[in-house]
Structures are given as structure tokens and as C-alpha cells.
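Keeping their order, the protein sequence lines are chains Y and L. Quick note: the first sequence, position 216, residue 216 per our numbering, numbers continuous. Quick note: the second sequence, position 45, residue 45 per our numbering, numbers continuous.
Hints listed in this document are in silico derivations from the structure and should not be mistaken for laboratory results. Only a predicted model underlies this, so the values are computations on that prediction, with no experimental measurement involved. Be careful, since some hints might not be right.
[Said to hold, decoys possible] Below, a sample of chain L positions facing chain Y; criterion: calculated Cβ distance under 8 Å:
1. 67
2. 68
3. 72
4. 234
5. 254
6. 325
7. 326
All residues carry an ideal CB built from backbone N, CA and C; glycine is no exception.
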Amino acid sequence: MVEQLQKTVESILQKKEVKLVAGYELNSNQQVTPVFIEKPEEAKSLVWNEHCVFNLARYLPEMLDYVEEGKVGIVAKGCDVKAITGLIQENQVDRDRVVIIGMDCFGQKEEGKEQFKTNCPGCQVHCPPVYDHLIEDKQQNQEAPAKEEKEDPLEAKSPEERWEYWQKQFSKCIRCYACREVCPMCYCSECVVDSNQPQWCSPLPVLSGNYGWNMIRAFHLAGRCVECGECERACPVDIPLMKLNRKMACEVKEQFDYTPGESWEAPLPLNDFKKEEEAEFIK
Amino acid sequence: MAKDVNKILDRKELEKLVEQLAGDFKTFAPVKNEDGHVSFETVDSFDQVSFEQTNSLFPPKELFTPQYETLYSYGENYEIIPANGVTGKMAVLGLRPCDARAVRIHDKVFDKDYRDPYYFSKRNNALLVGLSCNDPGSNCFCTSFEDGGPHSVDALDAMLTQLGEDKWLLQVFNEDHKVMFEGIGMEAGDKELQEKKKLAEEAVKKIKKQLKLPEDLKEQFKDEYWEKASLKCLSCSICRFLCPVCYCFSLADDGQQRYKYWDNCGLKLFTKEAAGSNPRKEKHTRFRQWYYHKFEYFQKREGEPLCVGCGRCIDNCPVNMDLTEVLENVPQ
Numbered sequence: 001m002v003e004q005l006q007k008t009v010e011s012i013l014q015k016k017e018v019k020l021v022a023g024y025e026l027n028s029n030q031q032v033t034p035v036f037i038e039k040p041e042e043a044k045s046l047v048w049n050e051h052c053v054f055n056l057a058r059y060l061p062e063m064l065d066y067v068e069e070g071k072v073g074i075v076a077k078g079c080d081v082k083a084i085t086g087l088i089q090e091n092q093v094d095r096d097r098v099v100i101i102g103m104d105c106f107g108q109k110e111e112g113k114e115q116f117k118t119n120c121p122g123c124q125v126h127c128p129p130v131y132d133h134l135i136e137d138k139q140q141n142q143e144a145p146a147k148e149e150k151e152d153p154l155e156a157k158s159p160e161e162r163w164e165y166w167q168k169q170f171s172k173c174i175r176c177y178a179c180r181e182v183c184p185m186c187y188c189s190e191c192v193v194d195s196n197q198p199q200w201c202s203p204l205p206v207l208s209g210n211y212g213w214n215m216i217r218a219f220h221l222a223g224r225c226v227e228c229g230e231c232e233r234a235c236p237v238d239i240p241l242m243k244l245n246r247k248m249a250c251e252v253k254e255q256f257d258y259t260p261g262e263s264w265e266a267p268l269p270l271n272d273f274k275k276e277e278e279a280e281f282i283k
Numbered sequence: 001m002a003k004d005v006n007k008i009l010d011r012k013e014l015e016k017l018v019e020q021l022a023g024d025f026k027t028f029a030p031v032k033n034e035d036g037h038v039s040f041e042t043v044d045s046f047d048q049v050s051f052e053q054t055n056s057l058f059p060p061k062e063l064f065t066p067q068y069e070t071l072y073s074y075g076e077n078y079e080i081i082p083a084n085g086v087t088g089k090m091a092v093l094g095l096r097p098c099d100a101r102a103v104r105i106h107d108k109v110f111d112k113d114y115r116d117p118y119y120f121s122k123r124n125n126a127l128l129v130g131l132s133c134n135d136p137g138s139n140c141f142c143t144s145f146e147d148g149g150p151h152s153v154d155a156l157d158a159m160l161t162q163l164g165e166d167k168w169l170l171q172v173f174n175e176d177h178k179v180m181f182e183g184i185g186m187e188a189g190d191k192e193l194q195e196k197k198k199l200a201e202e203a204v205k206k207i208k209k210q211l212k213l214p215e216d217l218k219e220q221f222k223d224e225y226w227e228k229a230s231l232k233c234l235s236c237s238i239c240r241f242l243c244p245v246c247y248c249f250s251l252a253d254d255g256q257q258r259y260k261y262w263d264n265c266g267l268k269l270f271t272k273e274a275a276g277s278n279p280r281k282e283k284h285t286r287f288r289q290w291y292y293h294k295f296e297y298f299q300k301r302e303g304e305p306l307c308v309g310c311g312r313c314i315d316n317c318p319v320n321m322d323l324t325e326v327l328e329n330v331p332q
């Protein structure tokens, strides 16, 4: 796969089809890290393995700004393609300016960890649904992790117990905003939490501010989160943010029968109104 | 010159030391939480202390310059009520040499032009007991700096070194505190001091990472390198918040109080002015600032960089960015 990937990237840069490609390389500690390639000869530094956890779609708007005009390429797993789809759908990225190098993927693990990333079990997009070039995994020497059937024990708990659980989790937050910065769908030019005139939410790492911040983010991602799991991976204090995002996704699925990241032509459920929708909350 | 106090302790004596410290001081030491993350918390027994890890996730800077603190509050008639600045005696146990170096740097920073009473009210009451690193981490690069190393004693009043499974060497450097440690352990001999010396030499050899600073960063300020290099950076605050020496802060009011809280150069709002303009609007200018403050401005002003080589920024970067690589690749 690596060879084919390197060749593909080298060729699209050579043909000047794209000006810049986001992919993965190894840093001096032999850990996978994102890399941005401009010259065809640099393509040989690209790698592909089970530690390519990063969702490079997060970089797309910045990459398009960087090149100013023309196209950019992106090495993308199925979950990354869902984020690219979301960005196109929300008019943040022009489909015509992106060349997607889709990667077959059967699960990713953080370096030094045994278990798969939180979004991998039950993944439906081992082969990216959209791509311009596909790098197939013909051998597939890794079995994709199956969906965990058992329900999250948190669901069975009382509201008081859940409140206690989240209080404990949110009290760990140090407000580094790594969850926001790593998220492909968090692209607001000014985040609500950064506003100080008026200040909607305390910038201090106190429970009220932390609760405000994390809840605002969860709600703003409802119907938009593509469940790539990057926020939870990036969190330095291990707040299980995907529990929140999944909960919101379930609500959206139930209310609107909608799954984010499937089509850039679909209207966004919370931006769209259908006559037949029940609207009992409007009095 | 007074004689150095060098003591040999076993686990029982170490427990006694912690109990004695906790009796006289509010004692902080590295403690592991349920998630396996280590921060400096109050302890009253050695059982709570975690010495296994090299560096704590959270640097001990938060003991002297907490992530947020109230400077003063407002009364009913908007009169100013000073915050209760009285801090009791504090002991910090298990400070790694790099973190101790950071404390020494902060002592300079917070006494430059203006002596920060909030910092020194805590710092002046603190006894620092270090812990030598016999097994430095893979991202440690403390030996890149003058006098820096896994057994260096910057700012420390005393230092512990583990010599064996159940054998510890306690060295007390601060005259004022020598009496306090007199009742603990047995006198160490030359043999133990030799053992410690050998461990220190071995520890230095275990450090694989070295920071190779460019000759002069001044000339590279406008280089297009920074824009390309910064593409990967997420602009989150992990490296700055977890850095033991990053000290920038902001002030704000919430109607009842004025408080001071950690801020950092990676955030868009950091340099945004009241009138709306922002001199560091682009990501690469904020990215570059971090390196320039540490290795150009501070270096020129104070004769040493604002970095101690603890490796936390490398260990915890969500996209595996490596500070030493970024600096090494600066075009000459």
C-alpha cells in the first residue's frame, strides 16, 4: 500500500494536479505524524500503518488558504472522508479544489496502545465512500474490530448519577481546547468560548465554565459530528468526549433519521425544516 | 563552611520523612489519579506518592503560579478587597531537576522590574525536595542546557536519589533546613556518594535527544519556513500549558473579582487588541512566537533559554510535533 501511496502522491505533484498534499510520515522518534508535501521527491517519506490516527481533514481549510489557489491533496481514511464531506456540505471546502487519496483502513490504534481508537469498532467505511484515487488493501492482514454490542452502562444510570459522572469528568478539563482544535468540524473563526464581550462562558477551568464549554461544543456538533474520535484522542486528561457526541448523534438519528458525513448534498437536519415534522415545542 | 548533610534512608525512613514534612508543611508530591495522570497534590503519607514516572503530566508550576487565582474582589460599594495572600509553609517533594530549573527561571521572571507578590507569597514559603532522574524519558533533553542534567540541583533545598530497591540518598543543601533532617536516616558515607555519582553519569548517557539550536534565530524571523512548519500545529494549548516554564497570563474581571489566569501565545485572542486589530493574526506568527520567546528573546535577555528540556511538549502533542525537530530544521 505504501508504495502505491507514494507513487500516487508523487505523480499528482509531478503533474501539478495539486500544490500540496497532507499525509503521514515518521518523526525522529519513529512516531507517525502529519506531513505536508509540496515536492514530488518528498513523497517517499510518506508512510501508512495502523497508527495513522490523525484526521487530516482538519487541515483542509488551512491548506487551501496556504496554497491560495489551485488544488490540494489529502490522504484520507473512510472516517476522514466523512469529515471532508461535512466540510463540503457546510461550504468550508470546495470539492473541486480537493483531490482525495482514499485509503482502505481496518482500524487505527494510538501509538503504544493495544485497543483500537474509539471510533473504529463497528466502522462502516473501511473503504472510503468518496475518493479520487484509491489505495486498496488487498492483503488485509488485520481484522477490523467489530461493534461492541453491550450498551454503555452510563445509559442505565439515573440523571443524578450521570450528573455526578460528568461533574467528575468535566472537572478534569484544563481548557486547552485541543478537542476543538483537532476537530475538523470546529472551524468557527471566532469560537463562542473565546468571546469576552460579552462573555458567554467563563474561561477559567472551574466546573461551571468547563461544563458550559463542553456542553456548548457537544450541542454545536449535534448532527455534524462525524465521530472520528479525534477530540477524545487529543484530550490530555482523558475526558470521554465521544460518549457525549454519540449521545447527540443518537438523538439526531432518532429525531431526523440523519447521519452526518454521508452526502454533501443533503440538507443539515438542524438547518432544515420539513412541513411534516412535529413541532410541538412551538407554542 | 558547614558540613553537608547526606543521609541514607530506607522505605521506612522515607515514610517518616514524608510524615515529618506533612506535619510541618502543606506537602505536595507527584500523585497518580484514576486515569494514570500525575500531578502535584497534597499528601500526608508516602503511600500516596508516585515516583515511578519521569515527569508528571502537570508541571509543578501550578503550585506557585496556579492556572487561575483571584487577585482581589469587589465589595458592595465597589471597594477593593485584597485576596487573602497568606500562604502557609509549603514543601514540594519529588521535583525533577528540570522542573527545579524551571522554578529558578521563574524566580527571575517574577522578580524582573516588578516583584510579583502573588508568586513570591507562595515561593518564599516553599521547601523544595528534588528527585534525581536515574531513568530519563525518551523525550528528555535537559543535558542540552548549561548545567542541566538528570541530577542537577537548581533551586533545590534538598534532593533524593534512589540508590537501590530500598535505599535512598538524601542530600540537604540549604543550611536553614539541615536541622530538620537530622533525626532521619543514617549518615551516608563515601561509598554512597560514589554510587550516586555513578548513577548520575549513567543517567546522562541515557539521554538520547539533544537540542541543536540554530546559530542565530534573528535572521530567520521572516523565513517562509515558519509558515510551512506551522501547518501541522493545531494551535491548542497543550504544549504551553504543560510547559514548566511558560508563564504568560491574562487578567480579567467577572463583576465580583479580578483574576489572573494562564494565557498563551498560541491563542488567537492573546494579542488581540481592544480596538480589534491583532498583530499575530496568522497561525504561523503565533507558532513562531513560542520558539522566539524561548530561544531568541529570553536567551538574549537572560542568557539562557526559556526551556528546561523536560520533553512534556513532545510527549503530549496530539500530532506528535517535536520542538527539537522544529528548531533543528530552521534553515541556516
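Problem - Which numbered hints fail - result: Going through the list in order, the structure violates hints 3 and 7 and respects the others.
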